[in-house]
Amino acid sequence: MDLLKRYIPVLFLLTVVVIIQLVTHFTETTYYLTQLTMSAYYSVVVIGLCVLMGYGGQISLGHAGFFAIGGYLAGALTTHNLLSLQEHGLVSLLDKVGLLVDSTGLYGDTLLTVQPWAACIVAVLTAGVIALAIGGPILKLKGHYLAMATLGFGIIIYRIALASAYFGEADGISQVPGFQLFPGVELSGSFGARVSNYYIAWGMVVVAVILLLNLIHSRVGRALRSIHGAEEAANAMGVNTARYKLYIFVLSAVFAAIAGVFVTHYNGGIGPSEAGVMKSVRYVAIVAVGGMANIWGALIMGIVLNFLSLRGVFGSYDDAVFGVILVIIMLFAPEGILKINPWQKIKSLVALYRTQDKEESAIEN
Amino acid sequence: MTPELFIQYLFAGITYGIIYAIVAIGFNIIYNTTGIINFAQGEFVMLGGMIAITMHSFMPIPLAIVVAVLITMVVGALIEMVFIRWLESPSVLRMIIITIGISILVREVALHIWGESVRALPYFIGNEVTSVSILGARISPQVLWVIGVCSFMVAGLSLFFKFTSLGREMRACAANRRAATLCGINAKNMVTLSFILSAGIGAVAGCVMSPITYSDYSMGPNLAIKGFTVAVIGGLGNSIAAVAAGLLLGIIEAFSVSVLPLAFQDAIATSLLLIILFIRPHGLFGSSDLASLKEF
Amino acid sequence: MALLEIQNLNRHFGGLHAVNSVSFTVEQGMIKAVIGPNGAGKTTLFNLIAGNLPANSGAIYFNETKINGSKPYQIARLGLSRTYQNIKLFHGMTALENVMLGRHIRSKAGFMAGMLNLPWTWPEERLIRDKGMEYLDLLGVADCADIEISNLSFGQQRGVEFARALATEPTLLLLDEPAAGLNIYETAEIGRLITKIRESGVTILLVEHDMSLVMDISDEIVVLSFGEKIAEDLPHNIQQNEEVIRVYLGDEG
Chain G
156 MDLLKRYIPV LFLLTVVVII QLVTHFTETT YYLTQLTMSA YYSVVVIGLC VLMGYGGQIS
216 LGHAGFFAIG GYLAGALTTH NLLSLQEHGL VSLLDKVGLL VDSTGLYGDT LLTVQPWAAC
276 IVAVLTAGVI ALAIGGPILK LKGHYLAMAT LGFGIIIYRI ALASAYFGEA DGISQVPGFQ
336 LFPGVELSGS FGARVSNYYI AWGMVVVAVI LLLNLIHSRV GRALRSIHGA EEAANAMGVN
396 TARYKLYIFV LSAVFAAIAG VFVTHYNGGI GPSEAGVMKS VRYVAIVAVG GMANIWGALI
456 MGIVLNFLSL RGVFGSYDDA VFGVILVIIM LFAPEGILKI NPWQKIKSLV ALYRTQDKEE
516 SAIEN
Chain F
228 MTPELFIQYL FAGITYGIIY AIVAIGFNII YNTTGIINFA QGEFVMLGGM IAITMHSFMP
288 IPLAIVVAVL ITMVVGALIE MVFIRWLESP SVLRMIIITI GISILVREVA LHIWGESVRA
348 LPYFIGNEVT SVSILGARIS PQVLWVIGVC SFMVAGLSLF FKFTSLGREM RACAANRRAA
408 TLCGINAKNM VTLSFILSAG IGAVAGCVMS PITYSDYSMG PNLAIKGFTV AVIGGLGNSI
468 AAVAAGLLLG IIEAFSVSVL PLAFQDAIAT SLLLIILFIR PHGLFGSSDL ASLKEF
Chain Z
18 MALLEIQNLN RHFGGLHAVN SVSFTVEQGM IKAVIGPNGA GKTTLFNLIA GNLPANSGAI
78 YFNETKINGS KPYQIARLGL SRTYQNIKLF HGMTALENVM LGRHIRSKAG FMAGMLNLPW
138 TWPEERLIRD KGMEYLDLLG VADCADIEIS NLSFGQQRGV EFARALATEP TLLLLDEPAA
198 GLNIYETAEI GRLITKIRES GVTILLVEHD MSLVMDISDE IVVLSFGEKI AEDLPHNIQQ
258 NEEVIRVYLG DEG
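Protein sequence lines, in the order shown, are assigned to chains G, F and Z.
Okay, so the first sequence: first residue is 156 according to our numbering, each after it adds one.
Okay, so the second sequence: first residue is 228 according to our numbering, each after it adds one.
Okay, so the third sequence: first residue is 18 according to our numbering, each after it adds one.
The set of hints was computed from the structure by calculation and includes no laboratory data.
Be aware that one or more of the hints could be misleading.
To be verified - Which chain G residues face chain F? A few, computed with CB under 8 Å, are given here: (1) 264; (2) 266; (3) 267; (4) 292; (5) 314; (6) 332; (7) 475.
Unchecked claim - From chain F, some residues computed to sit far from chain G (all C-beta separations above 10 Å): (8) 318; (9) 319; (10) 323; (11) 355; (12) 357; (13) 371; (14) 491.
As the list claims (entries may be wrong) - For lysine-lysine, the following DSS-like pairs were computed, each having C-alpha atoms within a straight-line distance of at most 30 Å: (15) 160/G with 83/Z; (16) 160/G with 148/Z; (17) 125/Z with 83/Z; (18) 415/F with 389/F; (19) 83/Z with 295/G; (20) 148/Z with 213/Z; (21) 295/G with 148/Z; (22) 125/Z with 213/Z; (23) 148/Z with 125/Z; (24) 415/F with 297/G; (25) 297/G with 88/Z; (26) 125/Z with 88/Z; (27) 213/Z with 295/G; (28) 213/Z with 83/Z; (29) 88/Z with 148/Z.
Here the structure is a predicted model, which is why all the values come from computation and not from measurement.
Quick reminder that beta carbons are idealized off the backbone N, C-alpha and C, glycines included.
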């Protein structure tokens with residue numbers, strides 16, 4: 156059945172994930188799990204962006220902005236102490252409803268902060284609403300105008316993060332508490348929880364992949380591909396292209412925001428660099444390398460490149476590496492690295508030589 | 228606001244404004260000939276200043292500037308020849324990503340050559356406290372250098388494009404590349420020339436502004452965004468409007484410090500960019516029909 | 018009211034009056050052709066009807082609904098589909114997928130249902146696929162089903178585009194030069210196909226240069242010249258119309 160065929164790679168992915176975890180366990184290299192967890196979250200951003208760029212045909216040079224909206228809001232809400240505002244109407248209401256949490260801070264003081272689930276929902280919803288609001292006008296633009304507008308959006312988010320005291324200015328937000336997803340499962344950076352957090356992250360990746368695969372193979376996915384293939388004709392066939400482009404934009408923004416929330420809780424904090432242009436460029440580079448409409452390509456590249464980067468393999472050349480990758484891939488393999496079929500290229504080169512030979516011998520005779 | 232303060236702000240605005248205009252004109256020259264937005268435009272300005280500073284340790288300022296501008300022009304030509312020249316009708320998306328990648332590369336190279344330190348060329352006349360009195364306000368002569376040199380470049384460029392045969396050939400290429408080729412104009416060389424020209428004026432701007440604004444490896448992107456904003460406000464490709472738009476942005480930014488915290492000054496340009504893109508992407512002086520007619 | 022009513026339609030581009038006070042109607046079940054020399058405004062007319070261009074003045078009524086000013090996708094949803102002279106198939110998709118997209122407005126599964134792969138979407142997808150094959154078969158290009166469209170010949174692409182438009186189950190079908198690039202036999206084939214489509218209840222409005230096809234299958238013909246309608250009549254009368262002859266062949270000395 157077609158359906159099962161579609162999910163086989165997902166099962167494969169799951170198996171690989173489990174195997175890697177077991178391998179690190181037995182080779183005493185569990186420290187790798189941290190980077191693998193982070194890479195997983197970044198890859199969620201990447202595959203969302205991949206669908207936007209590949210199927211929606213829209214470039215976004217500001218996607219780190221959505222990641223930051225998610226992460227910063229979740230971080231700020233779960234760390235800022237509302238104790239002094241306890242008497243305030245809204246705060247006491249939230250408290251009564253159970254959305255606030257008492258805890259003890261670093262210095263033994265009592266804290267009253269927002270419950271992580273509530274913070275998460277607020278953060279992701281905000282990102283979605285913002286995407287909905289700016290998506291309309293932004294997606295009317297084409298080419299460089301679109302690129303610049305998304306770049307501008309990312310920069311504004313970065314500047315807000317950098318300039319606001321509420322968001323910790325240049326230092327960002329730290330001391331972000333763990334996030335208890337369900338009883339017994341907590342999202343946090345503590346060493347003991349490394350394995351469970353690894354699975355939380357990869358669980359999110361698997362869910363994201365399944366949702367996106369489903370989308371691509373659905374009626375909506377076909378409509379998206381048609382927009383990419385010939386937008387005017389798609390309109391003529393009854394597809395509301397503007398709305399679909401908007402929805403996929405919002406969807407990819409939401410993916411990025413959720414990843415941002417989870418990374419913030421995992422790392423215990425977030426800084427303005429997560430909103431920066433270089434991060435956005437990095438995401439675009441990974442999608443470009445993996446192949447714009449190729450989820451698996453984007454995923455693989457996302458894992459590999461992020462893992463290497465996080466392990467410090469690129470050293471001080473980190474940004475440069477992504478720049479080089481971007482340039483080389485765009486110059487030589489704009490369809491993405493995994494679409495290069497060396498066998499195909501050889502065959503067509505051979506065919507080319509054959510016809511040239513024929514022409515030359517025809518001329519000589 | 229005292230009249231002196233007003234004049235101060237005004238001159239600050241004009242100074243930065245005309246720099247933004249030069250960057251915008253750099254964008255326009257390349258855009259007109261190729262349809263490409265060269266994201267690395269800001270890097271040309273950076274290179275001009277940084278190279279001049281390094282050269283200045285071996286030679287007097289004027290010579291250092293000349294050498295710096297020449298080297299930057301060569302870099303511009305190299306970028307075009309290595310990355311752009313041989314591409315067959317690339318898509319807009321592809322070009323955007325390539326030029327972003329190029330700007331990152333140039334920046335990283337600069338980082339590894341000069342490190343993160345912030346330097347400056349010495350003031351051309353006197354030092355940071357020298358000033359002349361204009362309409363009651365104390366203005367640094369460097370400001371006059373910036374305004375003077377950049378205005379000279381703008382004037383020179385208009386004369387070049389209007390009256391020299393080379394300039395006319397570039398305009399022909401910009402208007403209709405295929406027709407220009409049919410007339411015997413070597414379009415590929417025109418493209419390289421446009422990069423050389425953009426790099427050159429960027430470098431000059433980078434040199435004259437260095438004493439006032441300081442130079443460091445990461446100054447490019449900020450200038451590029453503002454330059455692009457200015458180019459879009461004036462209408463992509465329209466360099467006269469770019470000057471007006473540049474001055475407008477510069478002055479708005481300068482006067483904004485009296486109402487907004489300094490940290491938000493940079494956000495003004497970005498916000499203006501978004502506003503203009505949402506409301507009138509073809510710019511204040513452009514026309515949408517004209518923009519859609521442009522073919523490359 | 019007729020199925021399609023064009024009333025005093027006007028469109029100019031700067032100084033060029035591409036469509037000048039054009040009025041005509043298309044009755045349900047009819048095959049109507051729009052002819053005229055190059056530059057007469059036929060393509061502009063089509064673009065106005067399909068919603069790709071806004072009119073400067075005038076009105077277009079489709080099924081008693083005013084459609085000028087509506088977006089193309091809204092007009093498509095009302096039952097008006099079109100083909101293109103220079104074929105606009107979806108790149109990166111197979112022939113079957115192209116035609117399946119034609120079923121878009123006849124199906125429902127949305128974003129959520131799609132992402133969650135809800136079971137009720139499965140029979141709908143199967144139906145879309147089956148219908149898609151049906152239309153490909155009708156046009157004789159069923160074996161192209163799984164081939165990416167840029168690998169198909171022009172004739173095959175033309176067939177797929179036809180199938181796609183038909184898959185929307187339109188009430189009115191706009192055909193933009195359906196016989197362009199076809200030889201005599203293929204043109205006759207297309208003529209038979211168009212008549213067959215009309216028999217299934219679809220009204221047809223076509224722009225065409227091939228006079229044999231036009232005279233053969235049309236019930237009525239509208240003649241445009243320099244943006245103006247100069248004649249609207251039965252094929253037989255159009256052939257005798259002096260103005261039409263003059264416009265096509267020029268004046269005698």
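Status of each hint after checking the structure:
no.	hint	in the structure
1	264	violated, 29 Å
2	266	violated, 28 Å
3	267	violated, 29 Å
4	292	holds, 4 Å
5	314	holds, 5 Å
6	332	violated, 29 Å
7	475	holds, 4 Å
8	318	violated, 8 Å
9	319	violated, 4 Å
10	323	violated, 5 Å
11	355	holds, 27 Å
12	357	holds, 33 Å
13	371	holds, 32 Å
14	491	violated, 6 Å
15	160/G with 83/Z	violated, 47 Å
16	160/G with 148/Z	holds, 23 Å
17	125/Z with 83/Z	holds, 25 Å
18	415/F with 389/F	holds, 21 Å
19	83/Z with 295/G	holds, 26 Å
20	148/Z with 213/Z	holds, 18 Å
21	295/G with 148/Z	violated, 34 Å
22	125/Z with 213/Z	holds, 29 Å
23	148/Z with 125/Z	holds, 15 Å
24	415/F with 297/G	holds, 26 Å
25	297/G with 88/Z	holds, 19 Å
26	125/Z with 88/Z	holds, 20 Å
27	213/Z with 295/G	violated, 41 Å
28	213/Z with 83/Z	holds, 29 Å
29	88/Z with 148/Z	holds, 26 Å
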